[in-house]
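S.K.: For reference, the chains in residue letters:
There are 2 protein chains.
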Amino acid sequence: MGEQQKKVSIAVIRRLPRYYRYLGDLLKNDITRISSKELSQRMGVTASQIRQDLNCFGGFGQQGYGYNVEHLYKEIGNILGLYKGYTTIIIGAGHLGHALANHTGFEKRGFKLVGIFDIKKEVIGEEIRGIKVRHIDELEDFIKSNKVDIGILAIPKEGVCEIAQRLANLGVKGLWNFSYTDLDLCAPIQVESVHLSDSLMTLSYQITQNSNDE
Amino acid sequence: MGEQQKKVSIAVIRRLPRYYRYLGDLLKNDITRISSKELSQRMGVTASQIRQDLNCFGGFGQQGYGYNVEHLYKEIGNILGLYKGYTTIIIGAGHLGHALANHTGFEKRGFKLVGIFDIKKEVIGEEIRGIKVRHIDELEDFIKSNKVDIGILAIPKEGVCEIAQRLANLGVKGLWNFSYTDLDLCAPIQVESVHLSDSLMTLSYQITQNSNDE
Chain A
1 MGEQQKKVSI AVIRRLPRYY RYLGDLLKND ITRISSKELS QRMGVTASQI RQDLNCFGGF
61 GQQGYGYNVE HLYKEIGNIL GLYKGYTTII IGAGHLGHAL ANHTGFEKRG FKLVGIFDIK
121 KEVIGEEIRG IKVRHIDELE DFIKSNKVDI GILAIPKEGV CEIAQRLANL GVKGLWNFSY
181 TDLDLCAPIQ VESVHLSDSL MTLSYQITQN SNDE
Chain B
1 MGEQQKKVSI AVIRRLPRYY RYLGDLLKND ITRISSKELS QRMGVTASQI RQDLNCFGGF
61 GQQGYGYNVE HLYKEIGNIL GLYKGYTTII IGAGHLGHAL ANHTGFEKRG FKLVGIFDIK
121 KEVIGEEIRG IKVRHIDELE DFIKSNKVDI GILAIPKEGV CEIAQRLANL GVKGLWNFSY
181 TDLDLCAPIQ VESVHLSDSL MTLSYQITQN SNDE
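Note that the protein sequences, when read in sequence, are chains A and B. Residues in the first sequence are numbered consecutively from 1, following our numbering. Residues in the second sequence are numbered consecutively from 1, following our numbering.
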C-alpha cells in the first residue's frame with residue numbers, strides 16, 4: 001500500500017478526513033453499509049469521485065454491495081494515522097492556545113495533548129485541562145523525556161521560525177501552524193498551516209462577488 | 001472586471017490572500033516595486049503562476065518594471081472586499097468564540113466585530129473586548145437594527161443548521177463556519193468552513209506517510 005499512497009494527490013488527501021467524518025456519522029446512526037451513490041448524495045460529490053478517491057488506497061467497495069461502513073471508517077482512520085497514538089504540544093497559551101487546548105475533539109480522533117509552553121510569566125504554571133503551562137526554555141528537556149510528534153504553533157509570526165527549527169531539531173514530526181506566516185522555507189519538517197485571516201478573506205471575496213452580481 | 005472575475009477558479013481565489021499577505025510584508029519593509037521573479041522566489045511559487053493568477057483580474061504588472069507593490073496590495077485588497085466595511089457577529093462565546101473575538105488581526109483587515117451571542121446564562125452579559133455577549137433570542141432584533149454581513153459560527157454542530165437558516169433569513173451575506181459539519185445543504189448562503197480536525201488529520205496523514213517511507 002505504501003507504493004500506491006505515494007502517488008495520492010493533496011486534493012484527495014484533503015478529502016479523506018471528510019469521508020471519515022461522514023462515515024462516523026453513519027456509524028452513529030447504525031448504518032452498516034452504503035452504496036457509493038447514497039454516500040455521494042449525502043456528501044454532495046459524485047459517486048465516481050468517491051470511487052476514484054478510494055481506489056487510490058486500494059478500493060474497499062464490493063460490486064453490488066457497496067461499502068461496509070465500519071470497515072471503511074477504520075481503514076480511512078488507519079490511512080490518516082489516527083491509531084498511531086500521536087502526541088501534541090501547544091506553543092503559545094494565549095486565547096487561541098487555550099481554545100485549542102480545551103478542544104476535546106482532537107483527542108477523540110487520537111491526538112493526545114501532553115504539554116503547553118509559553119514565555120509569559122503570568123501564564124507559566126497555569127493548568128489547562130490538567131496540563132501545566134511550562135516555560136519555553138523547558139522545551140528541549142521536555143521533548144527529550146517525552147515523546148512529542150506534533151507541535152501546534154499558536155504564537156505570533158515573530159519568532160515562530162526559530163521555534164519551528166527547534167522543534168524540527170528535536171525530532172518532532174510535524175507542525176500545525178496557526179501563526180500567520182508560511183514556514184515552508186524555515187525548517188525541514190512537515191507543516192500544515194491554518195491561516196484564519198486567509199479563510200476569512202476568501203469568504204469576503206465570495207460575498208463581494210455575490211453582491212456585484214446582484 | 002465583474003465578467004472576468006466570474007471565471008476565476010477557487011484555487012486562484014484561495015491564493016489571493018497569500019499574495020495580499022506577502023505584499024503587505026514587502027510594504028512594511030519599504031519595498032515599493034517587485035518583479036514577478038523576485039516575488040515568486042519569496043513565495044515559493046513560479047513567476048508564471050503569479051502572472052497567470054493576477055491576469056485573472058486584469059494584470060497589474062508592467063513589462064520591464066514589475067509590480068508596484070502598494071498599488072497591487074490595494075488592488076488585491078479591493079478584489080477581496082477588504083474596504084467594504086464588512087461587519088461580523090460571533091455565535092458561540094465558548095473557548096473558540098473567545099479566541100476569535102480577541103483576535104485583532106481580523107479588524108486590521110477591515111472586519112469589524114459588532115456582536116457576540118450565546119445561549120448559556122453564565123456568559124450572557126460578559127464583555128469581550130468591549131462587546132457584550134447577548135442571548136441568541138436577541139439575534140433577530142439585533143440584526144434588524146445593526147448591519148451584519150458575516151456570521152461566525154463557533155458552536156457545536158448540533159443546532160448549527162438552524163442558526164445558519166436564521167442568519168440567511170435575516171439577510172446575512174456569509175457564514176464563517178467552525179462547527180464540525182458542512183452547511184452546504186442547510187441554507188442558501190455563502191459558507192466558508194474551517195474544519196480544524198480535518199486539517200490536523202491531514203497533517204497526521206503526511207507524517208504517517210513520511211514515517212512509512214523511512
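Warning: the hint list may mix true and false statements.
Repeated chains share a single entry, so a pair holds when one copy, or any two copies, can fit it.
The calculated SDA-like cross-link candidates involving lysine to any residue, where the alpha carbons are at most 20 Å apart (straight line), are [claimed, not checked]:
# : residue 1 : residue 2
1 : Lys-157   : Thr-181
2 : Lys-74    : Gly-59
3 : Lys-74    : Ser-199
4 : Lys-132   : His-95
No lab work stands behind these hints: they were computed from the structure.
S.K.: Decide, hint by hint, whether the structure agrees.
M.R.: Okay, the hints, checked on the actual structure:
1. Lys-157 / Thr-181: within (6 Å within a copy, 29 Å between copies)
2. Lys-74 / Gly-59: Cα proximity of Lys-74 and Gly-59: one copy only (14 Å, versus 48 Å across).
3. Lys-74 / Ser-199: between (30 Å within a copy, 19 Å between copies)
4. Lys-132 / His-95: both (16 Å within a copy, 18 Å between copies)
In summary, this structure violates none of the numbered hints.
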